[in-house]
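Read top to bottom, the protein sequences are chains A and B.
Heads up: the first sequence begins at 1 in the numbering used here, then just goes up one per residue.
Heads up: the second sequence begins at 1 in the numbering used here, then just goes up one per residue.
Calculated from the structure, these hints are not laboratory results.
Please note that a few of the clues may not be correct.
Unchecked claim - Label pairs and their computed distance ranges (CB to CB):
no., chain 1, residue 1, chain 2, residue 2, range
1, A, 108, B, 492, 25 to 35 Å
2, B, 308, A, 103, 45 to 55 Å
3, A, 164, B, 341, 26 to 36 Å
4, B, 492, A, 15, 46 to 56 Å
5, B, 338, A, 183, 25 to 35 Å
6, A, 164, B, 338, 34 to 44 Å
7, B, 308, A, 124, 51 to 61 Å
Heads up, the beta-carbon is just placed ideally off N, CA and C, and yes, glycines get one too.
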Amino acid sequence: MFELRNVSKSYSGRQVLAPLDLEIPTGRTLVLIGPSGCGKSTLLRLLLGLLEPDSGTVLFGGEEMAGPQVLELRHKVGYVIQGGGLFPHLTARGNVTLLADYLSRPADEVRQRVEELRQLTHLQPEAIDRYPAQLSGGQQQRVALMRGLMLDPAALLMDEPLGALDPLIRAELQRDLREIFRSLKKTVVFVTHDIGEAAYLADEIVLMRQGRIVQRGTIEDLLHRPADPFVTDFISAQRNPLEDVKGAGVK
Amino acid sequence: MSTHRLLSLLTVVAAFVLAPHAASAQDERPTVRIGSKAFTESVVLGEILSRLAEDAGAGAIHRTLGGTPVVWHALLAGEIDCYVDYTGTIKEEILKGESITTIEQMRAELAERGIRMSQPIGFNNTYALGISRKLAEQHPDLKTVSDLRRYPDLRYGFGNEFMDRSDGWPALSAAYGLPRANASGLDHDLAYRGLEAGSIDVMDVYTTDAEIEYYGIRLLKDDQRFFPEYDAVILYREDLEERAPEVVPSLLRLAGTIDEAQMSQMNARAKLDQVPEPIVAADFVLEQFGIESNIELETRTQRLLRYTLEHLRLVGISVTAAILLAVPLGIVAAKVSWLGQFVLSAVGILQTIPSLALFVILIPLLGVGPLPAIAALFLYSLLPIVRNTYTGLHDISPPLLESAEALGLPSGAKLRLIELPLASRAILAGVKTAAVINIGTATLGGLINAGGYGEPIFSGIRLDRNDLLLEGAVPAALMALAAQGVFELSERWLVPKGLRTSAGQAE
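Looking at chain B on its own, in the form it has when it is part of the complex (with noise of 0.2 Å):
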């Protein structure tokens, strides 16, 4: 019986939960998919070149994603048509391994892999290190990159990007011969709170961010010079040249139009006077191209609702397959001993993949947004799920099978009516854990444009806001407890009443 009621509630979740799925009206115009990185002035980027394309008549699709690897291999796999890029990172991370010396060599390296590459836009995105104002006036003479060879004490602090980066920490500790060791990673933006609270004291910057001003950061000079030019500048598919051709010449309208002050300046409006990313763009594109735009922000209940749909979403659909999956494998490692062993270390290997890197890893074969992060987080799922459901029939006491067995039923009939009844709680508190882990997990989503509450989250990382910031870690934190209240409501529903008014499973 509990059975039924188990598959009953199966379908009400999967139809709940694909429901925002089904639909979505396709129009005539060409759709552009522009991509950013999860830094405002990325995005703010990324804006501006959705208010170009749209100007000529495509329609826009922005999607911000992670750092660089992300965005590359989404362009290089069509989930998006262009970012913009800085000729810098273009050079020493996306070719890193080919040698090149010209933006010739460059740009054929990139016709090689079908991407174009636009002319400037106009400033210089660098790198450079930068140390706080106290530690400045603590030590005047701490001007230049090579001075820091005199503090070997000082802690650096450093985006994650830039530590693994062939031109980041790496080469630079060992062209600078500076300790490379005192150094720690951690998220660009949170960085700059690490420098104001004392917490490290050299970070890198880039040489746009608006808080350099804003903290009253010193930048060391890069006195080896180091570091190369980080023009930014769009890259594109080929293709798009035939699937919407003014698009293209459209956001090549970009070349030679900002300036490091001025990208410097819409980040600070972006980034410090809390100015939306789009209506930074559209202000821009107004006054440059006399393009208006409308710009339609959403309410905040209206966020928190789409928020939470997307997120259920993203944990329904996934726990969902997982339970379709997860527990026939569990029947299986359970009845045939020899499968066992292997089905669970597999699971169990599973989970042992850093939840970042399985999204990333799943981008080229199942693109961004919310499907790798469906894929992931089912993926997550089925150890806790295989293993409780394992754990559950092979825990059902001797005398009961053999009590079972006597009885004449065949196998499936002694599994449907005995032995998944009687692992019915081991079962659900599988299903339990998949869940309440999985709300916490999604979040990162929010790195690979799946939507939900990670969405919130990294925003307000980026633009230093806690406001967002809450905004998706207290519903995440809200509906972990929500589910978890709901499973042990449905505990009353779905175990069987006689395995809740005994101790356990055994007599």
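The shape of chain A in the complex, shown without the other chains (with noise of 0.2 Å):
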């Protein structure tokens, strides 16, 4: 789905990322992780274009996401932030259905996507015709992610979306996350530095460190076969409370 061929990227003389090769397979959830300032927040943004590269090509389906047509591929691609960036000036519903209606979609289809969308994503009936700043985060979360969802997209980008919330939302919306990745099928490339989060969600994952890819797997890869020392200092360096309250730590 996503290809990246030889990006590279440096703000202000510093580079974040290292010129690297990834590519991102069509209806899997890839989780991006590593810790602050490690380039997978960067990496984000180049694959939506809203980044330029300094050197390299990012490819979507095949197309240069890029020039002239990089308007219409983002059509084709969901992105969600922390916080959910949605738009005050709009209800929930108009966040979800700005773009459909700019793209003057047929009024009854986005009325029945929304509703299928607001089902699918737990929000209440309520909360739908409400703003931004009457919601709660979590209900934010839900908005934002069905904004991304909308227009169905092929691929769906998400950028720490939990960073900001309690734990226990956080838990039920990890858990709603999951049901919708796995009943969606889509594309997705999940961004988080919480290893918990994404042994979780992801069918694969890329540690990345200093702007460099350090390894590329699965959970179980990352835990019983690290490619480097870091692997296994990055995981265990996130405390564990039933490992803490048996006073044995992992080292």
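Fit the two chains together into the complex; they arrive one by one in their own frames, and the hints show the way.
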């Protein structure tokens, strides 16, 4: 679905992405994970053409994500960010249908699709006509997901969408997301720094560090066949309360 | 959606505001435009010239403008055809830099500029320095300008024109060796109040001013014969003779008909007895030339209605035009960063030009009347609207911008559907600021005959009448409050509901 060929990116002289190649398969959930500043969010933005690579090319379905066709290609990709990025001047419904309305999709179809998505994302019926400021954090995230899925895109990009939520809501949304990813069979690229979340959602994990890919594989590969000591360090750094209580650290 | 609303609102405002402009029938008679400076004597003389022009079969429009530079430039620019000035002023102020010793030289210099000068009207209205009755009683020996040297602590308050003119305070203080720094500038008519109240000790007076007698002001003898003669004369454009051949001889009948006592008496009637200037002038032309005039004075309600419509027109047109330019400029400033700083600085500099100066600068380009006032107000409105549009767009939080970008909307649609609605509250606040400030600033239009609430304010100052002053000041303040209210209401209509329920643009 996505393909990066020799893509690199620097900001004001500091390299955030070393030249790298990456192929993202269709219909699976790929999680990009790594410490802050490892380049995972940059990579996600490059996929959608929100950033221009310094070198190399980004392909989506064989077409280059650049130039005049980029707007059209973006219609085939949903994008959800931390906090949801909902437009405060529009209701939840207005946010979800903004692009469809702009593209003059038939009103009946749009209305039907919104209802479908509302049920899929488990958003309460009364929330759909509220403004973002009147919604809870979890509701905002569900609306953002509806917006991302509105045009039934081929792929869904999510940048730490659950990062700002409290643990209970977060767990609930993680469950809902996994269900949605499984049922829709979309290509999902999901950025997080939480290894538990990654393990829960991913078909495949790409662990990054300082602009490079350290290892790509399933959670089992990362746990049992680490490509680098950093892989084990990164995984074990995230505190497990059960082990803390036992008083026995991993190391 | 709200963009459409904004456009429809603008159309309504524009239609309302432009309407008074539309109707104005032209008749066959030549029209003579008569100017006057903003003090009573000049206004009375302007009214007299109007009656004389009408008596010769012409239509007359009388415009009261600001001080000498404004009226003179209006004459040169053909905005007015004639007005009354004084030989001393012509020599020392209008033609300063030319060395003129005789009346013939003055005539020749004026002719080079296409301006003719009549024979003297008959009275000499020179400058003099005066002190209040109270001060005169305290210092019986203070009789001449030279005597002022013995009282270094006196506070001088002079008309703004006298402060700056080459034949005014700079030269006078040098000639008499008086301390130049003790003087402050203020409006001539306000100076009388200041002298009476004791906040200044010495002021400049025009010798035909009615207040001299009224307040018992002692005039100090010009013992070094510093002040030249200020014979009142009519200045008129050469082309008036072709355009309205009957009018010029009719105007010139005024020569030699008014002496100092008569002028002083007319000033006293207008200023102290509160007889409207048109009536003072009508009585004079009836007695002197047997001309019957038909003066229709507006009732207070009619006046207030006219001021209000004129004022709304000044503010409405200027702000509407400013929105049409400033919002796009603000968008450009926000989108093209190198241009942004330039645009913001440019409109910022416009704002620093003093408003009266800007009005006067615009006269050669746009004449007098509402047009230069609208142009000046338009320029002043740009900064708040450009800056708020820029800030409103610039302050949209990066996650929202990124979400907008990720949707794949073309930049025009993104601006219309997302960015402008998000910035709408800031833009509207900028428009509100511009409108409220303009309602105040527009009153200065009274100095260039722009109409509106400035007219009664400046008449009130000129005639020392608080009732007239308040006729302009109170409605202007009320209009500013009303504008504030209207904009707050329109926020409900123009600013999307979602932005009003939350604290701001960012979540």
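Here's how the hints hold up against the structure:
1. A/108 to B/492: 25 to 35 Å: About 31 Å separates the Cβ atoms of residue 108 of chain A and residue 492 of chain B, which means 25 to 35 Å holds.
2. B/308 to A/103: 45 to 55 Å: For residue 103 of chain A against residue 308 of chain B, whose Cβ atoms are near 49 Å apart, the range 45 to 55 Å holds.
3. A/164 to B/341: 26 to 36 Å: holds, 35 Å
4. B/492 to A/15: 46 to 56 Å: Given range 46 to 56 Å: holds, Cβ gap about 51 Å.
5. B/338 to A/183: 25 to 35 Å: Between residue 338 of chain B and residue 183 of chain A, where Cβ atoms are some 50 Å apart, the hint is violated.
6. A/164 to B/338: 34 to 44 Å: Holds - the Cβ-Cβ distance for residue 164 of chain A and residue 338 of chain B, about 35 Å, lies within 34 to 44 Å.
7. B/308 to A/124: 51 to 61 Å: Between residue 308 of chain B and residue 124 of chain A, where Cβ atoms are some 53 Å apart, the hint holds.
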